[in-house]
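Residues per chain are reported as follows:
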Amino acid sequence: DTAVSQTPKYLVTQMGNDKSIKCEQNLGHDTMYWYKQDSKKFLKIMFSYNNKELIINETVPNRFSPKSPDKAHLNLHINSLELGDSAVYFCASSFRTGGTEAFFGQGTRLTVV
Amino acid sequence: GESVGLHLPTLSVQEGDNSIINCAYSNSASDYFIWYKQESGKGPQFIIDIRSNMDKRQGQRVTVLLNKTVKHLSLQIAATQPGDSAVYFCAEKGGNFNKFYFGSGTKLNVKP
Chain A
62 DTAVSQTPKY LVTQMGNDKS IKCEQNLGHD TMYWYKQDSK KFLKIMFSYN NKELIINETV
122 PNRFSPKSPD KAHLNLHINS LELGDSAVYF CASSFRTGGT EAFFGQGTRL TVV
Chain B
7 GESVGLHLPT LSVQEGDNSI INCAYSNSAS DYFIWYKQES GKGPQFIIDI RSNMDKRQGQ
67 RVTVLLNKTV KHLSLQIAAT QPGDSAVYFC AEKGGNFNKF YFGSGTKLNV KP
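Chains as they are written, first to last, in our numbering: chain A, 62 to 174; chain B, 7 to 118.
Chain A extracted, bound-state conformation (with noise of 0.2 Å):
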């Protein structure tokens, strides 16, 4: 059983064209993330909600919108892509808000031409 899961696990899209990215975790956590992986695996933190609530924003475009529908679903919705938003986006969870062994996905590469 995958503990999270991320759908799809590739996505090539046109500049501009808006995207999602799903993620599910089967954990029972309370607690779920968005981090962003660069070319040069540099792994920044994007979004974390905690029971559906969001606790953090880091500095996003606002084209980037998660929506948790329940504590075990966040979804990512892209607006207007842009090349640099090619990365690979990996969502995680961990039992509570800091705590510091977090379950990754196994990652959704966006790829915008």
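Keep in mind that the hints are not guaranteed to be accurate.
No farther apart than 30 Å at their CA atoms in a straight line, the calculated lysine-lysine pairs in the BS3-like style are these [as the list claims (entries may be wrong)]: (1) A:Lys83 x B:Lys117; (2) B:Lys117 x A:Lys102; (3) B:Lys117 x A:Lys80; (4) A:Lys83 x B:Lys113; (5) B:Lys48 x A:Lys132; (6) B:Lys117 x A:Lys113; (7) A:Lys105 x B:Lys113.
To be clear, the hints were calculated from the coordinates, so they are not data collected in a lab.
Fit chain B to the known structure of chain A by using the hints.
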């Protein structure tokens, strides 16, 4: 923001040798330091953490050392195996809302 950095981007070791991966941090207020491992094509995986009031913690084949005086963190892997080949990230947790800040990663190559 906080800064977590690594001394070496790539480390090559012989199978069976011990590996030491180093990390420098800048935020004295961080309350936890964590090591993650990322294999190719996968998401990061938690290895071990250490609370800021400790200076050493051991796990299975891994030891993390924390030197708060010089703001230095290291991960020691005993008897390195080919399966240990991955990118290793140090991270620090602290501040409001317990944010994680990841370093840039060290790639560990294990030679057979």
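Against which earlier hints does the structure fall short, listed by number upward?
Violated: hints 1, 3 and 6.
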